[in-house]
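Enquirer: Letter by letter, the chains look like this.
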Amino acid sequence: MRKTDSLDVVVRKLAPYMFLFGLYLVSYGDVSPGGGFQGGVVIASGVILLAIGRDVDTAERLAPRNKLSWLEALTYTFLLIAVIGMVVVRSMFLLNILIGLKVAAGVSLISLYLFGER
Amino acid sequence: MVRAVFSVASMLPLAGTVVILILTTPDVFAGRDLSHVIGGWDAPVAISLRLDGLAWLSSALVAVITGMAGLAALPRKADSRKADGRDAYGPRFYFFLMMLVAGMQTVILTADIFTMFIGFEIISLSAYVLIAYDRTDKALLASLKYLILSSVGILFFLFGVFLLYRDFGTLSLVQMERLIAETGLDGSPIIHLAVSALVVGIGVRTAFIPFHTWLPEAHAYAPHPVSAVLSGVLIKVSFFAMVRLVGIFRGDYLMPLMMWIGGITAVTAVVWALAQSDAKRLLAYHSISQMGYVLAAFGALSVLSVPAAFFHAMSHAFFKSLLFLVAGSAIHMTGERNLFRMQPVGRRAPLLTLFFLIGAASIAGVPPFNGFAGKQMVVAALGTAYPAVPHHFGAAWVKVLLSVASVGTVASFIKLGRIVMPGPKGEGDTDGGPGFLLYLALTVLAAVCLVLGLYGREVMVVLTGLLGPDPGLVPDAAGVPRTLFSRPKLLEALQTVLLGLVVYFLVVSRPGKAVSHLLQRLAPDLRTVLVLFVLGLGLFAGVAYL
Amino acid sequence: MAISPSWMLIGAIFLIGIWGVIGAANLIKKIIGLSIANSAIIMLFIYFGGQSGETAPIDAGKFGVPVDPIPQALMLTAIVVGICVVAMSLVLVYRLYQRYGTLDADEIERAVWNGDE
Chain A
0 MRKTDSLDVV VRKLAPYMFL FGLYLVSYGD VSPGGGFQGG VVIASGVILL
50 AIGRDVDTAE RLAPRNKLSW LEALTYTFLL IAVIGMVVVR SMFLLNILIG
100 LKVAAGVSLI SLYLFGER
Chain B
0 MVRAVFSVAS MLPLAGTVVI LILTTPDVFA GRDLSHVIGG WDAPVAISLR
50 LDGLAWLSSA LVAVITGMAG LAALPRKADS RKADGRDAYG PRFYFFLMML
100 VAGMQTVILT ADIFTMFIGF EIISLSAYVL IAYDRTDKAL LASLKYLILS
150 SVGILFFLFG VFLLYRDFGT LSLVQMERLI AETGLDGSPI IHLAVSALVV
200 GIGVRTAFIP FHTWLPEAHA YAPHPVSAVL SGVLIKVSFF AMVRLVGIFR
250 GDYLMPLMMW IGGITAVTAV VWALAQSDAK RLLAYHSISQ MGYVLAAFGA
300 LSVLSVPAAF FHAMSHAFFK SLLFLVAGSA IHMTGERNLF RMQPVGRRAP
350 LLTLFFLIGA ASIAGVPPFN GFAGKQMVVA ALGTAYPAVP HHFGAAWVKV
400 LLSVASVGTV ASFIKLGRIV MPGPKGEGDT DGGPGFLLYL ALTVLAAVCL
450 VLGLYGREVM VVLTGLLGPD PGLVPDAAGV PRTLFSRPKL LEALQTVLLG
500 LVVYFLVVSR PGKAVSHLLQ RLAPDLRTVL VLFVLGLGLF AGVAYL
Chain C
0 MAISPSWMLI GAIFLIGIWG VIGAANLIKK IIGLSIANSA IIMLFIYFGG
50 QSGETAPIDA GKFGVPVDPI PQALMLTAIV VGICVVAMSL VLVYRLYQRY
100 GTLDADEIER AVWNGDE
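Protein chains in written order, with numbering that gives the first Met the number 0: chain A, 0 to 117; chain B, 0 to 545; chain C, 0 to 116.
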């Protein structure tokens with residue numbers, strides 16, 4: 000895909016809105032369609048947009064791989080704890096945020112690794 | 000050393016499983032089903048778990064076999080890097096192994112069909128990773144084949160779930176049972192189609208003909224402990240799920256087909272197994288063959304069907320994982336997979352020879368091991384098949400097929416015996432040889448093989464009580480043979496062994512070897528695999544409309 | 000249950016996917032076929048689930064009869080699973096590509112099995 004200037008500009012301007020939309024989906028998960036997983040994937044697709052439209056390094060500046068790895072492992076642990084204690088923690092909002100973060104981290108990590116290969 | 004600690008720690012959940020199973024023993028064995036609802040929501044909405052006889056037994060089987068395989072996979076101190084420089088099985092391996100166990104327990108314990116789907120997918124994902132763990136080319140391709148076939152299969156499973164949801168309006172198996180009892184909904188052709196779709200989806204994972212093509216490569220090229228778990232429990236878990244589903248939906252019309260597929264599978268797979276020269280592929284083909292026995296017993300629709308099928312499945316789990324661990328150890332010691340080129344390890348590891356002989360005797364149906372007991376039970380189930388139908392759908396012919404398969408099995412294991420014949424004594428190298436933990440695992444497995452064989456009848460009575468149509472009924476179940484070690488049966492076993500010897504000499508003779516090479520080259524490629532799948536699908540769907 | 004055009008459409012999409020899995024020579028195309036077949040099943044659930052009401056299941060009852068939410072929840076899970084499977088398959092295909100330099104299924108199989116013996 001030839002990198003043109005217009006592509007560059009559009010991607011850079013559009014990506015933040017994708018993150019915002021993803022965040023909306025995650026946080027309004029319990030009252031409207033959306034929720035943790037969907038929102039997480041939309042956030043990750045913002046990262047993927049950056050990776051495709053410009054190059055992987057730009058996406059990596061935003062979301063470095065090792066930090067993503069940490070984020071994912073951390074949220075996974077929290078999720079496990081939350082699920083086990085689900086009788087106590089009935090807050091869907093918190094669960095949605097955790098799931099959203101985890102999914103976003105996970106999917107963008109997978110994509111960054113796959114795109115980064117020659 | 001630290002990695003070993005983490006690896007062992009990750010196996011602790013298995014101990015937890017065992018504890019729970021022990022605690023629930025009195026309830027389950029008295030015939031009471033235990034159920035539990037997760038998360039505090041109400042029953043139909045939430046995910047519910049059910050622990051009945053079948054679930055208890057399957058869960059125990061999974062825990063024990065995986066525990067033994069995991070034990071065998073622990074890195075030995077002197078063996079911190081495997082022979083070809085790849086890492087020994089560290090915590091990452093155990094993570095996926097435990098995820099596999101989690102998936103299996105989900106499938107076994109759930110009372111909800113969609114959770115069953117999720118469990119199957121967890122199993123699949125962990126299996127894809129585990130099969131490809133060594134990253135050799137063959138392992139990658141085997142994992143990819145399994146992936147494609149398994150994913151297409153699960154799509155059909157989902158289609159079956161859709162049809163069921165449409166008609167029953169609920170996903171909970173408990174609710175569906177109640178609805179069936181009240182309204183008799185299970186007679187419509189749509190439900191028949193749904194059950195066929197479910198069975199096809201599960202059938203891919205249980206590997207009966209024509210869905211078996213992924214198994215030889217996947218089980219042969221996976222790491223050795225993984226092969227033990229895959230052959231030992233994975234194919235059984237999907238079978239148990241099928242037992243449960245077919246039991247709920249009374250898929251009786253599928254049974255004759257299944258009985259015949261079982262018999263044909265048993266024979267065909269043995270023929271292919273005889274042709275193999277790779278030790279693990281031979282064992283993998285035998286997994287398919289023995290599952291044929293299980294399927295034939297299940298399809299016999301007699302009072303003994305489910306207990307006999309379970310008995311043989313359980314026996315197979317133990318002796319097949321034993322054999323895979325032994326073969327894996329031999330391959331590890333000699334660095335060679337081809338059994339004709341392998342330097343026999345009999346002299347270097349005499350204990351290994353003993354375990355091999357126990358395993359081979361078990362699978363060949365030699366008394367007093369569990370294979371002998373299991374096969375007797377399968378034959379008994381076939382003997383009392385379809386009491387209402389005069390011609391019993393040809394159950395007698397299926398018995399003949401199984402006998403032929405037994406002869407072939409004996410021959411194959413004489414052929415495989417090459418790997419443990421006394422050979423050159425090693426240069427006193429302990430590196431690569433089996434460690435204490437491996438021997439421990441092998442001892443446990445072999446001991447169970449022996450115990451199941453000696454006490455086969457008692458075990459069968461217990462199983463009939465837990466799994467038979469009347470839960471809670473323990474006493475002298477009809478049809479279970481008086482004693483397993485009666486003279487005619489022993490003579491039969493002897494006859495099988497002698498015929499097997501003859502077949503072995505045929506197979507390793509010149510023309511036999513030529514046929515073997517031909518059969519090896521006929522191993523299907525991916526496209527043929529998928530076409531066979533579609534044909535099998537058509538078969539099952541067709542039966543739905545009969 | 001009449002065979003309405005929607006059944007035929009979804010069936011066609013599914014068959015296209017399966018045809019891709021069986022017939023395509025390129026491994027990536029096989030995976031795409033798998034993904035298409037997956038989407039067909041998901042569409043099946045959602046379409047026929049969507050026939051039980053009028054509006055989306057938000058704020059129950061305020062905007063009309065809500066659609067049955069269960070198929071939608073199930074399909075979310077199915078989509079997740081589908082993504083994971085596709086990701087795994089891509090990784091496997093990529094590793095094979097690294098070793099053999101080709102994406103053709105027949106060539107790879109020949110090369111892998113001829114590395115034997």
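In case anyone wonders, no lab produced these hints; they're calculated from the structure. Since the structure is predicted, the reported quantities are computational estimates derived from the model, not experimental observations. Where hints are given, some of them may not hold.
Straight-line distance between alpha carbons at most 16 Å, and here's what the computed EDC-like set of lysine to aspartate or glutamate pairs gives [to be verified]:
| # | chain 1 | residue 1 | chain 2 | residue 2 |
| --- | --- | --- | --- | --- |
| 1 | B | K137 | C | D105 |
| 2 | B | K398 | B | E491 |
| 3 | C | K28 | C | D103 |
| 4 | B | K137 | C | E106 |
| 5 | C | K28 | C | D105 |
| 6 | C | K28 | C | E106 |
| 7 | B | K137 | C | E108 |
| 8 | B | K137 | B | E335 |
Enquirer: Run every hint past the structure and note whether it holds.
Expert: Results of checking the hints against the structure:
A distance of roughly 14 Å separates the Cα atoms of B/K137 and C/D105; the hinted pair therefore holds under the 16 Å criterion. Between B/K398 and B/E491, the direct Cα distance comes to roughly 13 Å. Compliance with the 16 Å bound is thereby established for this hinted pair. Taking the CA atoms of C/K28 and C/D103, the gap is about 10 Å. The hint holds against a cut of 16 Å. A C-alpha spacing of about 14 Å is found between B/K137 and C/E106, which places the hinted pair at or below 16 Å, so the restraint holds.
Straight-line distance between C-alpha atoms of C/K28 and C/D105 comes to about 13 Å, which keeps the hinted pair within the 16 Å bound. Restraint check for C/K28 and C/E106: satisfied, since their Cα atoms lie roughly 15 Å apart, inside the 16 Å limit. Restraint check: the Cα-Cα separation between B/K137 and C/E108 comes to about 9 Å, which is no more than 16 Å; the hinted pair holds. A distance of roughly 15 Å separates the Cα atoms of B/K137 and B/E335; the hinted pair therefore holds under the 16 Å criterion.
Violation of the numbered hints given earlier is absent; every hint is satisfied by the structure.
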